[in-house]
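Residue numbers (the numbering used here), protein chains in the order written: chain A, 1 to 313; chain B, 1 to 320; chain C, 1 to 549.
Treat each hint with caution, since some may be false.
[Said to hold, decoys possible] Straight-line distance between alpha carbons at most 35 Å, and here's what the computed DSBU-like set of lysine-lysine pairs gives:
hint : chain 1 : residue 1 : chain 2 : residue 2
1    : C       : LYS184    : C       : LYS171
2    : C       : LYS312    : C       : LYS436
3    : B       : LYS57     : A       : LYS126
4    : C       : LYS408    : C       : LYS367
5    : B       : LYS51     : A       : LYS126
6    : C       : LYS365    : C       : LYS408
7    : C       : LYS342    : C       : LYS436
8    : C       : LYS249    : A       : LYS160
[Said to hold, decoys possible] Okay, the calculated beta carbon distance ranges per label pair:
hint : chain 1 : residue 1 : chain 2 : residue 2 : range
9    : B       : GLN24     : A       : LEU214    : 16 to 22 Å
10   : B       : ARG208    : A       : ARG226    : 27 to 33 Å
11   : A       : GLY96     : C       : ASP111    : 56 to 62 Å
For the record, the hints were derived by calculation from the structure and aren't laboratory data. Glycine included, every Cβ here is placed at the ideal spot set by N, Cα and C.
Okay, here's what each chain looks like letter by letter:
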Amino acid sequence: MVRLVIRRVGLAIPTLIGVSMIVFILMTVVPGSPEAGLVPEDATPAERQAVRNQLGLDDPLPVRYFHWAVDALQGDLGRSQQRRREVTDLLVQAWGNTFVLALVSAVFGIALGLLLGYIAGTRRGKLLDRVISVVSLAGLSIPSFFLAIILLALFAGGLKWFPSGGASFDDPVTAVRSLVLPVLSGSLITMAITARVTRAGIVDVFGADFVETLRAKGLTEFEVRRHVMRNAISPVLTTSGVQIGALLGGSVLVETIFRWPGMGLLLYNAISSRDLVVVQGATLVIALTFVIINLLVDLLQAGIDPRVRGAVA
Amino acid sequence: MSQAVIPVLLPQGFGSEVSSAERQAAAEQRDAWNAVDQSVETQSFWVGTGKRFLRNKTGVVAAAIVLLLAAASVLAPVLTPYDPLLGEPTDRLQNLGSSGHLLGTDEQGRDMLARVLYGGRLSLAAGFIPTVGAAIIGTVIGVTSGMLRGVVGTVLMRFMDMLYAFPAILLAIAVGSSLGPGLSNTIIAVTIVFIPPVARVAEQATRRVVVQEFIEAAHLSGASRWRIARTQILPNVLNDIIVYASGLVGVAMIIAASLSFLGLGSPPPAPEWGYMLNSLRGSLNTTPLVTIVPGFFIFLTSVAFNMASDALREAMDSRL
Amino acid sequence: MTENLIMSRRGVLRLMGLSAAAVAGAGGLAACGSSSGAGSSDAGGTGGTLTIAMSAANIPFPSTPPNQGYEGYRFVGNNIYDALTHLDVEQSETLPTPQPGLAESWEVSPDLRTYTFTLRQGVTFHDGTDFNADAVLFQLRRLKDPDFEFYSQNDAATAAATVRYIDTWEKVDDHTVVLTTTQKYAWLHWDMLSVYFPSPAVVQQYGNDDYNAHANGTGPFTMTQYVDGESMELTRNEAYWRGPAKLDKIVLYPQPEAASRLSMLQSGEVNWAEVPSPDSIDQLEADGYQVFLGKYPHGIMPRFNMFREPFKDNLELRQALNYALDREGTAALINDVGYPAKQWVPEGHPDYAPDNPGYSYDVEKAKQLLSEAGYQPGQLNLTFGYTTGGSGNMFPDVMMQKLQADFKAIGVDVTLKPMEWTVLLSISLDGLNSDKWDDIDVLWASPAAGMLPTGYNATFMSQRPGGQPNAAGLDDAKVDEYLTAASEQTEEADQHRYLQMMMDQAVSQAYFLFWMHDLNLRVLSPDVQGYVQPQSWWVDFTQISASGA
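Input sequences plus hints: build the corresponding full structure.
As structure tokens, then:
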């Protein structure tokens with residue numbers, strides 16, 4: 001187990017370095033100058049250069065990356081001149097917002113998905129199974145931005161039950177109200193995937209030999225099902241991990257439409273306005289999140305299922 | 001939520017009617033048969049798969065829808081007299097079913113049906129091309145990595161991990177921003193996004209096959225690595241790849257639609273469905289049905305792709 | 001008193017005709033009018049909270065100057081701060097001009113190089129400290145003196161254009177400051193409209209890096225809450241030297257999507273929405289919202305790439321494209337929230353060239369000019385760079401596709417090249433002669449056309465500061481001559497005379513695509529009262545009240 005952790009962490013470091021390098025290079029290739037928004041349109045070359053110096057844009061690429069990496073290792077992700085804030089500050093604020101949205105979406109989506117998948121799997125072939133399968137397929141196929149627009153028009157614009165956007169945590173009621181539509185838009189695909197994986201896992205396990213054995217031993221149907229679930233859970237864990245990781249990366253589309261100030265929106269805006277330090281910092285955090293989530297999922301799997309321990313390492 | 005969460009769990013697959021015990025047995029049988037005599041077995045495998053696919057009603061319906069959409073978009077000039085790029089501004093935002101405009105008109109007065117049909121070409125291209133491209137490149141990378149093991153293999157897979165440690169949509173946006181707008185750049189971006197997961201599937205499948213006895217046998221009999229790869233490994237790996245990739249087409253289409261929704265796709269007046277959804281947002285209150293049309297078609301195409309891919313998976317896996 | 005006027009678009013167009021006549025006569029000073037007349041809501045009542053959905057992508061920094069373009073000045077800068085001079089945006093009849101602000105009066109030397117400002121007495125910052133000549137010098141040093149302890153690189157960079165012509169500054173006494181200019185310059189008091197004064201005590205206490213969290217000025221509102229990316233709350237300054245404003249609070253939300261601003265308005269989250277989707281106006285009016293439209297100095301005037309073919313030395317081609325534009329059609333596509341432009345500034349503006357008919361929609365003439373220019377239909381393909389984002393750009397996607405169709409009708413193909421706002425700004429800095437951008441034939445531009453006489457420099461002069469050529473390659477000696485002469489005239493009438501000549505030259509030479517003027521679409525909910533729509537980008541918030549709170 002410990003060896004597993006060490007190995008994975010060891011592998012994670014070059015991955016993170018590689019990710020940050022790739023993004024660094026990508027952002028230098030992108031057309032447009034980061035200082036363009038910070039000077040007037042008739043700025044003299046000197047005025048422009050002053051800002052470029054402030055942003056450190058004209059140092060050689062490896063030097064710039066090296067400085068950034070060294071600072072990052074010490075926890076200093078730099079300062080965004082466009083936002084006039086420390087990058088760490090921005091990330092904490094955005095990550096917090098995304099975390100809330102992701103957590104609620106994940107819990108809602110996975111719980112509902114498990115339930116539906118369980119129902120479908122245990123009634124394989126029957127009407128309810130078919131209905132749920134169709135619904136999950138549909139949920140998988142709907143683009144989140146399309147769903148978001150429809151929900152917005154119906155419930156915020158039309159019925160006015162929910163606000164049209166913004167993350168507001170002043171009081172529990174507003175917090176919940178502002179979460180409903182973004183969560184619905186964002187969790188549908190999680191729910192659909194979880195439902196399908198759960199169902200497949202259950203179908204799998206039910207077909208396996210040991211279930212008959214359990215029945216023969218006299219366990220009640222309920223107890224049999226509990227065993228089934230425990231065994232079926234492994235693939236669900238993996239996909240859930242991926243879902244949570246993706247949600248924590250922040251969904252640009254849902255966040256844009258609902259004006260939810262999270263990581264996705266932060267990164268997207270930073271790319272658009274060529275705010276390089278923010279892009280670097282946000283990328284790092286998102287990649288780190290993925291790596292950690294994957295590690296946790298693998299550990300959990302290894303913990304639950306001894307067969308996996310060997311295969312995963 | 002990042003729409004592009006690439007399905008990870010395949011080739012076990014989900015939604016399949018077949019239990020993994022059955023699948024395991026089928027896989028072993030298939031490997032054994034392939035080891036014995038390539039050409040004959042491969043052919044009947046595909047024929048058998050095809051037959052099983054056709055027996056699956058939902059699969060057939062889904063495939064029919066996809067073919068219908070493809071045909072409709074290819075035949076668009078025949079099906080509609082309207083120009084998808086130029087419209088009559090005085091005719092703007094006509095509702096569904098208005099005279100001469102079955103699906104209404106958009107904010108520039110262009111016929112929606114024409115835009116949807118011509119746009120279908122762009123969407124289908126954005127769905128298929130990256131998937132095929134990533135399947136090829138990813139397979140090469142994954143098989144190489146799985147066969148070579150050692151340093152090269154690890155480096156390759158780590159590099160894939162780097163790209164994979166990223167929400168797909170954000171990677172697509174980053175690549176799309178650096179390449180600029182345009183359909184070909186979108187296709188490139190989505191291909192890049194898909195290569196790592198395909199490579200991973202290919203690598204895992206390769207590793208599973210490589211340890212089996214018939215590979216040893218081939219190696220001992222003097223076959224070169226390249227020959228082994230081509231004749232022994234590839235056919236076995238291909239199943240998993242095809243099954244996995246078939247599920248990617250719908251996702252590719254949605255990522256491309258997301259990019260064009262955000263303004264990173266083909267420049268206007270290209271009738272990209274994602275872009276249309278964005279430009280019609282402002283009139284959601286006045287003509288909601290027209291606004292929904294492009295979104296509906298994205299949804300429909302995606303559903304059809306997903307259903308067809310599910311059916312294909314079942315047909316390939318259940319061998320009895 | 002005034003009635004509750006909800007302006008219909010027809011009403012506005014009729015009114016524009018009337019106000020054009022009024023403005024042509026006004027010229028210089030305008031009386032601080034009452035809110036009678038066009039474009040205002042019911043005056044009366046006090047208090048309430050104004051919640052605003054801005055089109056900016058983020059809350060403007062409460063710095064000096066703010067960012068996010070003119071929305072920064074409109075919502076944040078002019079509320080937290082004052083400047084030496086003040087645009088009279090409390091009235092809607094005339095184009096606003098510099099009035100006394102923190103400077104009670106000013107005198108200009110005959111050689112137009114020395115400005116003596118007499119500062120208002122008894123004005124305090126929000127922290128209670130006095131506003132005086134020291135405060136003025138403090139800020140000027142912050143913007144211009146890199147050796148100053150509190151020099152702000154960020155503010156200096158953003159404010160560069162407004163303080164470029166200031167040479168020296170000197171305190172005569174606590175309430176008198178003398179500024180000298182780098183050249184003969186008639187417009188320093190226009191520049192000073194945009195120079196805000198923060199409390200030196202606050203800057204010194206928190207330093208530049210942390211100043212924004214504690215922004216402190218002399219303006220009618222104090223900043224009581226600021227969450228970057230989310231909202232800003234401004235509260236009435238009871239000690240404001242003009243007298244306290246009526247509103248209790250203003251809350252600002254950033255929302256770059258027009259459709260979302262619309263939903264925020266309809267759901268009641270805001271009672272003031274900047275530029276919602278034009279197609280929603282009819283519905284909004286029917287629901288009782290107050291829809292405001294009015295002329296103001298803003299237009300969409302794309303620039304031709306004059307560095308090379310096909311536009312360099314080809315007047316016929318530039319004119320042909322101007323005649324090919326179906327401006328009325330474009331306006332119809334945006335539900336008439338804009339109207340056709342004949343020249344660079346709107347008709348009725350003091351710099352409008354009086355005898356120049358400008359361009360109209362004439363397809364035959366366009367085709368004829370195209371062939372005179374040496375191009376057969378189908379021969380010419382233009383690359384048009386435009387932006388899809390950035391506030392104050394009207395509706396680029398819709399408008400560009402219409403333009404594409406218009407040009408195609410005379411046989412010219414247009415390849416659209418959408419880009420982010422930052423990229424468009426980069427192009428303006430680099431110039432169209434730069435390798436990176438030299439494939440662009442026409443470049444989108446959305447100037448505040450005619451708001452400030454200093455606003456012509458960057459677009460019209462052949463040289464930009466620092467020896468750089470005009471970003472689009474415009475190089476006309478006459479234009480330079482007239483513009484320079486205008487800046488050296490003591491009498492305003494003479495300034496306008498020269499500017500009209502400049503405008504006449506630019507229009508006759510068709511250096512731009514004279515396309516659309518914006519009508520400043522803004523929608524308020526019924527509970528907002530006292531709003532006067534000025535002919536400006538900036539707004540006065542002191543007379544507004546909101547009963548819905």
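Results for each hint:
1. LYS184(C) / LYS171(C): holds (21 Å)
2. LYS312(C) / LYS436(C): holds (19 Å)
3. LYS57(B) / LYS126(A): Answer holds: LYS57(B) to LYS126(A) is near 16 Å, not above 35 Å.
4. LYS408(C) / LYS367(C): holds (11 Å)
5. LYS51(B) / LYS126(A): holds (25 Å)
6. LYS365(C) / LYS408(C): holds (15 Å)
7. LYS342(C) / LYS436(C): Holds, because 32 Å separates the two Cα atoms, which is no more than 35 Å.
8. LYS249(C) / LYS160(A): holds (24 Å)
9. GLN24(B) / LEU214(A): 16 to 22 Å: Since the Cβ atoms of GLN24(B) and LEU214(A) sit about 20 Å apart, the hinted range of 16 to 22 Å holds.
10. ARG208(B) / ARG226(A): 27 to 33 Å: holds (31 Å)
11. GLY96(A) / ASP111(C): 56 to 62 Å: holds (59 Å)
This entry satisfies every hint, going by the numbered hints stated previously.
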